[in-house]
Structure formats: C-alpha cells, structure tokens
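Q: Below, each chain spelled out in residue letters.
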Amino acid sequence: MNSLNKSSIRYLLKHPWQFGLSVLGIAMGVAIVVSIDIASYSSSKAFNLSLDAVAGKATHQITGNSDGIPDSFYRSLRKDKGIRNIAPVIESYVSIQDSGRRVFKLLGVDFFAERPFRDYFSETDSSAGDVFNKLFTKPNSIILSGENMKKLNLSPGDSVKVLINGKEKYLYIAGFIKENDNNRSALENLFITDIASAQELTEKKNNIDYIDVIINNESEEKIINSLLPDGFALQKSGSRSQTAEQMLDAFNINLTSLSLLALIVGLFLIYNTMTFSVIQRRILIGTLRSIGVTSGEISRLILKESLIIGIAGTIAGFAAAYFISKYLLIIISRTINDLYYVVSVREIYISPFIIIKGISLGVIATLLSALKPAKEASGVHPRSAMIRSEQESSIIKKIPRMTIAGILFIIAGAVTLIIPSKNIWLSYFGILPVITGFSLLTPLVIIIVEKIFSPVYKKLFGITGKMSSRSILQNISRTYIAIAALSLAVAATVGVGTMVSSFRSTVIDWLETRLNADVFISAPSLISRRNDAVLNEEILDKIKAIEEVKDYNFYREVEIFQDGKRYHLLASGLSKRSYKGFKFKEGNPEDAWKSFEEGEIFVSEPFAYRNDLSVGSKLVLKTDKGMREFRVAGVYYDYASDQGLITIQYRHFKEYWNAKGYSGISVFVKDDKAIGTVKDRIQSLDTGGQQLVVRTYKFLRDSSVEIFDRTFLVANVLQILSVIVAFIGILSSLMSLQLERKRELGILRANGLLPSQLFLMVNLQTLLMGLIAGLTALPLGNILAAILIYIINKRSFGWTMQFEILPGILAEALLLSLAAALLAGIYPAYKMSKTSPANALREE
Amino acid sequence: MKNYIIILIFISVIAGCGGQKNPEKDSGINLSKAMGKVKDEKFEKAYDKRKFIFPEDHGPHPGFRTEWWYFTGNLTTPDNKKFGYQFTVFRTALSSGRKSGVSEWRSDQIYMAHFTVTDISNGRFYFDERFSRDGNELAGAQAEPLKVWLEDWQITESENRKAFDLPVISIKAKSDKTEIRLWLESVKPLILQGNEGLSQKGSQPGNASYYYSYTNLKTSGIIITEDREYEVNGKSWMDREWSTSALSEDQKGWDWFSLQLDDSTELMYYQMRKKDGTPDKYSSGVIIDKAGLKRQINREEADLEVTESRKNSSGIEYPSGWNLKIPSEKIELKIIPAVRDQFLDVTVKYWEGSVTVKGKKNNTDISGRGYAELTGY
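Sequence order for the protein chains is A and B.
Throughout the first sequence, residue numbering follows this note's numbering, covering 1 to 844 in sequence.
Throughout the second sequence, residue numbering follows this note's numbering, covering 1 to 377 in sequence.
Calculated from the structure, these hints are not laboratory results.
Mixed in with the good hints there might be a few duds.
[Unchecked claim] Not everything, but these chain A residues come out facing chain B in the computed CB check (under 10 Å):
#, residue
1, Tyr74
2, Asn133
3, Ala196
4, Gln199
5, Ile208
6, Phe251
7, Lys357
8, Gln562
9, Lys565
10, Glu706
11, Ile707
12, Asp709
13, Arg710
[To be verified] Simulated restraints on C-beta separations:
#, chain 1, residue 1, chain 2, residue 2, range
14, B, Ile336, A, Ser159, 27 to 35 Å
15, B, Asp289, A, Glu218, 52 to 60 Å
16, B, Ser309, A, Tyr170, 16 to 24 Å
17, A, Pro229, B, Val102, 20 to 28 Å
18, B, Thr278, A, Ser219, 38 to 46 Å
19, B, Glu144, A, Asn225, 31 to 39 Å
20, B, Thr278, A, Glu218, 54 to 62 Å
21, B, Pro145, A, Glu559, 55 to 63 Å
22, B, Glu144, A, Glu655, 53 to 61 Å
Every residue gets a Cβ at the ideal spot worked out from N, C-alpha and C, and that includes glycine.
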C-alpha cells in the first residue's frame, strides 16, 4: 500500500465519528429506498403468485356477466360444442375466525377438468382415493397445503369455522397436499374445494365465476370468441394481474418517491462529509501537492475514500433494509388490503433490479456526490492551501452568483412542474431543482439572519454571543451545507405533514357531507374501503319495515373488467334527501340529478381524471347486455377510491346488469327516535345466517378516518426515517465543524475563555444554525406541500384537496430543527470545553 | 364380467388426477386392496336373479356401485379397409346416499369413457379417455329416450324404431386424430349372461353382477382417422353390466374374448387368472347360434392356450396369440390381434383390441373377427 492510501486510511480512522456517521447516513438512505422497494415488490409478487396459482396453465379466461357465468353455458361448451381444455372456477375469500383472522383464497374447481391446468393437485397424500371421495361426497370439504394445515393446527377430519361473504360456515379438512418446490408458493394462500361445495358456500346459484381456457392458436381463439354471448369476454390470463398492478402504480410510485427523498437527504450528507474531509485536510493536501503528488492522485484519493464509505454504507443499508422491509411490508400490505385487494404476504422477495438500484444509489451516488469535493481537493494550490480565509472569502464572493443560480433553479423547477402531463416521475423530477435552488439561497439567508441576530446575540450573551453568530458567517463554506441539509430534511417533513393534514381534513369534510344517513349496514368485507360482500335483497325489505326508519339508501357495487381495465360501478338507490351529499366539480347539480334519473352517469373526480372525461363525455361500458354507451352528467368529488367510481341510478343499472343483492344500505332514523334503537333492531333481524356490520354515522366516519390514517402510516414512517437521516447529517456536519475549530477554540481558551463560555458559545452557534434552517424550511416545506397537493397528488390520483397552512406543523418544524441542531451541538461543545488548550493547539 | 379392475383402479387413481404414474406400479395395484375400499354396505348387490325390464334396464342403476355401457365392433370400408373400435362409458358411484347440497355440480356419480379406433390396414391404434361427474349434466345416462354421454361423447337413440327391445343407437366420439359416427341396430335378441343374467364372480353371495349382451348389431357410419373419412359397415357387440361386487383375493386378471364368426354365430369366453397363473373356476363363456339361442360354456369345456407373448411399448408382456378349443362344440380357433399393440396407455392401463379368428368349426374352415381384453398383466 502506498503512503497516500495510508494517509487516507489514517484520516478515516482518526475521524471515526465523521466516517461512521457518513456510513450511517448512506446506510439509512439505502435502507429506506431498498426496504420500500422490497415491501412493494413483495406485496405485488405475493399477489401475482396467488393469481398464478389460481390461473395455473390457463392462457385465457372467459369472464361473464356481473353475476358470473351460468353453469349451462359451461355445459354447452363441453357437451354441445366439444370444447376441451376449459375448466370452471369459483373464487372467494374466507377468513378464519379463531386464528388471527387469516385470509385464504377458496378455489372451487372441477377436478376432472383440472388436469391440463393445475398439476400440483397430483400430490395429495397416500390416501388419495379417500380424499377425492370426500371432496365429492362431503359438502364443504377442502384440501390445503400440509404447511397451512400445520399452521392452523388442523388435521384431516377436522372442521374449521370460517366467514365467507359475511356468513359463518364450517369447512371440513378432507386432506392435504404435500408441498414441493413447484407448488409451495402457489399453495401458500389457498384452500381448494370441489366446485359444487364452492357454489354452495358462496351461494352463487347456478353460476361460476369464470372459465379457465388453454388456447394454442388463433383459430381456437376465434372459435371461442364466436360462442360468447353479449357481455362475455375472452381475456388473457395475465390481464387480471395487470389491472391489479395498474391499480397500485400510482401508490407505488409515490412510495418510491418518498423513499428517494430520504436518499436525497443522504446524498447531501455525503457531499457534506466529503467536502469537510477535503477542507479539513487542505493543509495536508497542500503539503502533499508541494512534495509532488499530482492533482489527479489527490482527486482519486478522495474518490477512493468516498467509495469505501459508499460500499460500507450500502452493505449496512441492505442489512438494515432486510429488517425495515419486514415492518414496512406489514404496513403496506395492510394498506393494500384496506384499499385495493386481498393479499397476504408472508415472504420477502427481492428482485435483481432492487439490488442493482440499491447498489447504484449507495455506491454510484456517493461517488457522484464526492466529485465536486474531489475536484476541489485536486484544485488546492500548494501555497494557498495554507490560507484558510481565502476559501471563505471566495464563498462570500460567490454568494450573489449562487443566489441568482438558486432563483434560476427554482424557476426551472416551477416550469418543469407546470408542464401539463400525467407523468408522476416528471413531477417528482421537477421538485429537484426547486430543492437545489433553495439550498443555493441558503448562504444569502445566513448573511441576512446573521445581520439581524448578531446584535440580539450580543445584547443577550455579550461577546460570546457575538462571536458565536459571527463564526457562522466566518465558516460559511461549511455552515451553509449543514444548514441546507437540515433545512431540506425539515422542509420534507413540513411538506409531507402539511399534505397529509390537508388531505385528511379534505377527506373528513367530504365524509361528513357524504355520510348523511344515521345507520349504515353492510356485510363483513375483506377490503376495508370497499364492500365486496353482498347482502340479500330481503334484508332491505326487513329494514324498511322497521318502524323507526324514516328513509333509506342502498347501493350495489360491481367490478367491470373491460379492455384490460377494471372499473368500479356503483348503482345507487338514493333517497332524494341524500342528493345533497354529492358535491359536483363539474355540472349544474339540478341538471345533473335530472339526467342521472334518466339513466346518465356520474363519475368521480379521479375517474374523470384517469379517463379524460367531463360533463357531456360518453363512456362505453361492458354491460350484461353488451357494450352500452352512457353520457356523463356530472363529475363529483369523491375520496373513496383512487381508481375512481362510476355511479348510476339503481333502476337503470338493473336494465343492463343482472347482479343481485346490495353492497350496502343506509337508513335515516325518524327525528324523535333513537339511533341506537334502530341499530339494535337491525342487528337482531333474522337474516338467515348473514352477518351484518351495522355502524352508526359517527362510528363509520371515525373508522374511515382510521383507514385514512393507516394509509399514511407509511408516509409517517418514511418521514421519521428522513428526519433521522437529516439528524445524522446535521450531527455529522456540526461535529466536524466544531471539531475542526479545535485550534481556533484552543486559542480562545488560551486567551481566557472559560470552558462554560466555550460550551455556551458552541451551543448558541448551533442553535442559530438550527433557527436559520428552520426558517428556510418553512417556506420550502409549504412549497413542497403545495407541489404534492396541487401537482403530484392531482396527477397520481386526480384528487382535489384544500391546501391548509398549519401553524402546528410549522411550529413543530421549527422546534425540530432547533432541537436537532442543539442536540447535535452538545457533544462537540462538551468535548471542546473539556479539551485543554495545549492539546487543542498542538498540531497533528 | 369385463372391466372390473379398470373401474376399481379408476376409483383409486382418479384422485391423483393427472399424476404421472409408474406403469408397473399401476398394473401392480393390488386388486383385493382396491376393492377392499368398497365398505359402503348400503349399495345394492346382485344377490338373486332379477326380472330385466326394458327400456328401464338400458338406463343407469345408481343403487349399484359400478356400471358400464360397452361397445366394440369390427368394420370394413367398401374398398376393404378394416377398422375396429371400442367405445365404453363407465359409471361409478362414490357413495350410495342421495346427493346432498343445492349445487348443480353436486354429484357422487362419476363417469369415465374410453374410445379407441384400430386402423387395421395401416397398423395403427388410437385411444383416448375422459372423466366427468354427472353434475351440471356434463355426463349421465337415461333409459328413455336412451342416452349415455360424457360431454360430447354420446350414445343416443337415433330413431324411435326398436329391434329386440333396443332402439337404433347412434354413437359419436371424437379425439385428436380420430372420430366415429356410427349407427347400430341389433339383428339378434339380447342374451342374459350367466344364470339368467346373474353373473357370479366369486363364491360369496352378492359377489355377482347383472349382465346382458347384444352380440350382433348391424353397424354403419363413418370413421375419420388423420383427417381422412371412411364409410364403414360391419358388426358391433354391446355389453351391459352393473354390480357392487368384489373380486376374490386370489384373482389377478382375465383374458376376455367376444368373437363374431362368419356363420353368424358368436362366441364369448373369459378366463379369470389366479395369482398363480392358473385359470379360475369362475371362468365361463357362451355360444349364440344363428337364431340367437345361447348355450353356456363352463370352465371345464374350454381350453385356452397362449401361443405367443410380446412386450408392449410400456414394457409389459401381453399374450399376442391364443388357441381356443371347445371340444364339446367341435370348435378349434386360432386368435391373433389385428394390430399387435392395442394397449390403452390411459389412467387405468389395459390391453383391448380387435382380433382376427381362423380355425375349424364342425370340421369346416371358419373365420371371424372380434375383440379381446387383457387385464392384470
């Protein structure tokens, strides 16, 4: 090893704090990005695996009407048309009541048709004949993987109580399937039963959900297509997972972006560290240069150091990501279950892309951010290296230029952001110049704030105060980076916090207008935001008959798969008194309602945004009677689904769709009657085994807000992690800053400054830095919030939100930056005050 | 007596649905063990002789565990190309109880069908199998009008006209490379096999089946192989049997022959083989004369000798030539497969194929065609 490398390693070892904190900063940044990636990848992988497991070798699926496919259609394909390689499927979810409410997919199949489709059925245990016999002859028999059977503490012959579509049923364990490498992931979440049992359990009378098909060539596809009645479709197997992925697109992009924010803070930190390491070694570097080390060697040295830091940070980051992702996975899959679809994730999956992305972020980004410091180091002139003031004065000279550059950056960002586009990445990309611009404005702010605070500090703390504020300016080349990093981190929390709060209060306002009935009834649903279970039509009759009920609403929600998209159609049986619950973004309410009653549709704001619709647009929908065109009568505000909703009047819905039952019912209680009484009456109705979820207005409102909060839990977690990274950054730079002033402070001590005065001075200085950071963070944070609300959210989901500047969040942010700065200053202050002047003055 | 093993092994392997089975292991499934699963005593059994009533008895008997509609035939084109076919629909009940549940798919009756075509002139053999439940009417059987089907493989009553209690039947079946569309009309009355239709399989009471046959059905129609269509004419044989019986522990399998001789007589003979290779005493046969009158042949009257054996593509050795002597009838026949390898490599594997017959009857030369079934090898 040559002596240059040795000097480098000695330097790193002599500054373990600085080195350790840089590694930690990178590690945190990498960990956040990678763990978010892992968590979202794992959840979509788990979902796709569960779909693959169900699709088996099917290339296509025949989907039917809103109530499925009649048994007779499947029969005619096989019996009359002689079509082979088709298999009927009924799919449902069951939750096990007494075991932590685990959810399984119940797959109902015809074992005789299965052979070409799902071959893992071949591996049952040795008593295959008996198992098969039971599946056929004993209703509600299932088979499951041996592992699941063990986990659920069951054995063949046992019964297990489950909830299917809100009804309690007992499933009988006929046997189990031995796992092997091919079927393990497929079986992870599966109960398999005979199609007859599935039909009885799900009460899909004479209907199946879809037909799996294996199609080998175009002529086969043509034949099948020619046999399909109106409203039926032949779709590629993958299209279901594709629509699921599309649903999560915006959600995932926003998660990733939030994680990138953490990385940007991390990169600032690296830049910061490397710059410091160069500045600190100016004299050393100058000496090296003067004894003949070339500028190229110097710059390589710095890059090598940053590479070591980058690699160490990346490795540590991956290790941390493994643990963080497990926690994030719980939160994210919970959110997916709340909002999108049922998924159960039990394994962590990592793709090569995640690894490559993590490594490039950790290592390459570190190197990139070290480029400028490396260039600076190589540019050190042997002679001028000895003159510190030159550097500071050069920065001061640069301030006007930096300020102009900063303003230009902000303008560039603003321009990027106003480019009309639905591209979320472009929008995030536009944030970068804004952030950079603000960082470039920091030196100017420092000068201004120092001008204002210098007299105040002097007045309050005398010469100590004055010295502490002056030294920020004196060391501006270093202080501004630390302040900008802290400011950015705090601004990020202000931005995300303001956005979430604004969103939250928008949603609460909307909930309060929309939920204008007294009691809400639905079947237990596995997805919180949607009612996927259906109530019998008789239940409404029984509820209507309750004496205290003044009026009622009901609705039926159906999913329409069409052209590779998934639409949610809400058929509303609304009473007139609920009309006021709709607030229109477009369309005159009076006209809109009139047209609605005549069969036109409303679309929610996100739906209109996604599909470029406005009042008067035509939308073609796949109905059970074939494709039909509907005119949009109004666009209404709705925050229930980021996928968007189509609303049609129930009466008109029934003209085109066969779907029976209701997804939800709400009732108004007579003014002089108690809501509680009605709730009790509904709960004690004889519903034929159908479980009802009966919620009062208040309860439903609160639980909706709870779901909202759960959704943004991940944002909060990321926010906290970013603050931690920022804190590490500020700690690292302040410590370096103060430790670097060892000599200066030593001289002060030698000149009679008391340790306590020194302690105060250092702390006053960091506090002021915190204040500057906090003050710059407030406008930046609100600008970020505005970008998130008006641009990112709008483009991701199409939602309009009220922007609120929240004094609470602002105060918190200020406090946060002050506290971070103060905390970061205490250790160096303490250390400096304890150092004897003689030691501090001794040259290395 | 046919297809016992098939139906029983079918029940035990069906659950494995599509699992790759070792053929040796398959043919080695212990019969008595497979049948030992028949514990449901609620099934009806063939204890006593019964009065056969038609058309009802052409339909299913769900109270019994197993049942089949069995057709084989030898056909010829106008330019003398020769074909054989087999089309069999098996029914088996998984339980004797009535089905419970409301689903159309709810079912405890399982159907299996085998369809083979032997293109004798080209030396090729095609086979296919299907399974289904009777739920959702995907498979089933009914007496009037007669219909037995497994999806689009169907035996239907094609005309209202009946001959000897049997309507004119149409058989339609299609697989990848071959297809049949045949019309069958009986030219002889049905014969009741065994003791007036009660065919004893073992010494225990109830270990028997109800069994009748139409031994000569005039057949015409179309056979398609490899996209070539042939007009064909010839004779078919129909067997109907239902039971809830079990094989004795020492029985291993059988060689079964249905032969249609040129003098318009037919001969059926089966020889049960014991595990030690010797013929079982429950082996028996029947001779039907021109007028349709039958004479029972018992084990002692017949001598079946294997003259040739041959390993098939799965490595199982099957007989491929026999001498059948029935001295009391002055019959001496040499039986050889029309095509060597007519092995059904399906879920339940066995050999069943067209055979040609040459020999002497009453000291005059006689020839004929028929079908042989070989199980338990």
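Q: Return the numbers of the hints above that this structure violates; sort them in rising order.
A: 6, 7, 8, 9, 10, 11, 12, 13, 14, 16, 18, 21 and 22
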